[in-house]
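Visitor: Residue-level listing of the chains:
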Amino acid sequence: GAVVSQHPSWVICKSGTSVKIECRSLDFQATTMFWYRQFPKQSLMLMATSNEGSKATYEQGVEKDKFLINHASLTLSTLTVTSAHPEDSSFYICSARDRAETQYFGPGTRLLVL
Amino acid sequence: GENVEQHPSTLSVQEGDSAVIKCTYSDSASNYFPWYKQELGKGPQLIIDIRSNVGEKKDQRIAVTLNKTAKHFSLHITETQPEDSAVYFCAARRGTSYGKLTFGQGTILTVHP
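Keeping their order, the protein sequence lines are chains A and B. Note that this note's numbering numbers the first sequence so that position 11 is 21, with each residue one more than the last. Note that this note's numbering numbers the second sequence so that position 113 is 114, with each residue one more than the last.
Just to be clear, a hint being listed does not mean it is correct.
[Stated by the list, open to error] Label pairs and their calculated CB-CB ranges: (1) 80/A with 16/B: 38 to 48 Å; (2) 2/B with 82/A: 24 to 34 Å; (3) 83/B with 20/A: 35 to 45 Å; (4) 57/B with 112/A: 25 to 35 Å; (5) 67/A with 106/B: 18 to 28 Å; (6) 83/B with 13/A: 23 to 33 Å; (7) 43/B with 64/A: 23 to 33 Å; (8) 106/B with 30/A: 28 to 38 Å; (9) 6/B with 71/A: 28 to 38 Å.
[To be verified] So the derived list for chain B, only partly shown, Cβ under 10 Å to chain A, looks like this: (10) 9; (11) 17; (12) 35; (13) 37; (14) 39; (15) 42; (16) 43; (17) 46; (18) 83; (19) 90; (20) 104; (21) 105.
Because the hints were derived from the structure by calculation, they are not lab data. The structure presented is a predicted model; accordingly, all values stated were derived computationally and were not measured. Yeah, the Cβ is synthetic: ideal placement off N, Cα and C, and Gly gets one too.
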């Protein structure tokens, strides 16, 4: 199956700093990528949908100035958590959709803000 | 919007038994139904999917059935193994280019050796 990678796999940062997470589709082109957040023992919560070359569409309640998304190419999307605070600590997962509209997920990035 | 209900929330079986997880959806326009397996600390892994033009799909020990009239679909795992233990999520989506997956709440499957 198709492979989606994320980097870093985990990150610890101080409160107030910004953190960038990269998501890459390794063997296919993804016109659409998605960013999810997952709390322990819960389902996936969609944060935003990102289409290559255009602005991301954010779900209700997600601050676009807080979670900056860039989808610069058909294989790369980035999520930047700006001025991170402890409440931003979570498991962030990206997903990419191929031309057959099948959606694949990355391995996730665990963010801990101290 | 779409609403997906998944049952049961936890499922415990003995190795070798079958496991069945069921999902219902509300949007009759949904036509794509994937299932994902998520192991602890990892991202969801697509294990099987079905589109609304078929009623059943099999891949070795895993099968998915779809009943469009009743708006429900099920995951069947036969001859379960301990490594099948994980959280399983169903999802549904409309077939539009910008359609979003709506996930069920997840099922924690435990396979006892």
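Visitor: Now, for every hint given, state plainly whether the structure supports it.
Guide: We went through each hint and held it up to the structure:
In this structure the supplied range 38 to 48 Å holds for residue 80/A paired with residue 16/B, their Cβ-Cβ distance being about 46 Å. Range check, residue 2/B to residue 82/A: Cβ separation about 30 Å, and the 24 to 34 Å hint holds. Between residue 83/B and residue 20/A, the C-beta spacing of about 26 Å breaks the proposed range 35 to 45 Å. Between residue 57/B and residue 112/A the C-beta distance comes to about 18 Å, which lies outside the given range of 25 to 35 Å.
Checked against the hint of 18 to 28 Å, the pair residue 67/A and residue 106/B passes, with Cβ atoms roughly 24 Å apart. Checked against the given bound of 23 to 33 Å, the beta carbons of residue 83/B and residue 13/A, roughly 25 Å apart, stay inside it. With their beta carbons about 30 Å apart, residue 43/B and residue 64/A fall inside the hinted range of 23 to 33 Å. Checked against the hint of 28 to 38 Å, the C-beta distance between residue 106/B and residue 30/A comes to roughly 31 Å, which is consistent with it.
One distance hint, 28 to 38 Å for the beta-carbon pair residue 6/B and residue 71/A, is violated here, with the actual separation near 22 Å. Taking 10 Å as the C-beta contact cut-off toward chain A, the hint placing residue 9/B at the interface is violated, the least distance being around 15 Å. Hint status for residue 17/B relative to chain A: violated, with the closest Cβ pair at about 27 Å, above 10 Å. The interface hint given for residue 35/B holds, since its Cβ lies 7 Å from the closest Cβ of chain A, which is under the 10 Å cut-off.
Interface hint status for residue 37/B: upheld, as the beta-carbon distance to the closest one in chain A is roughly 7 Å, under 10 Å. Using the Cβ-Cβ criterion of 10 Å, the hint placing residue 39/B at the interface with chain A is satisfied: the shortest such distance is roughly 8 Å. Given hint, residue 42/B at the interface with chain A, holds; its Cβ is 8 Å from that chain's nearest Cβ, closer than 10 Å. The beta carbon of residue 43/B comes within 6 Å of a beta carbon in chain A, closer than 10 Å, and the hint placing it at the interface holds.
The beta carbon of residue 46/B comes within 7 Å of a beta carbon in chain A, closer than 10 Å, and the hint placing it at the interface holds. Against a cut-off of 10 Å between C-beta atoms, the interface hint on residue 83/B is violated, since the closest Cβ of chain A lies about 21 Å away. Interface restraint check: residue 90/B against chain A, minimum CB-CB distance 6 Å, threshold 10 Å, status holds. At its closest, the beta carbon of residue 104/B sits 5 Å from a beta carbon of chain A; the interface hint therefore holds under the 10 Å criterion.
For residue 105/B, the shortest C-beta to C-beta distance to chain A is roughly 7 Å, which falls under 10 Å, so the interface hint holds.
Hints 3, 4, 9, 10, 11 and 18 from the earlier list are contradicted by this structure; the remaining hints agree with it.
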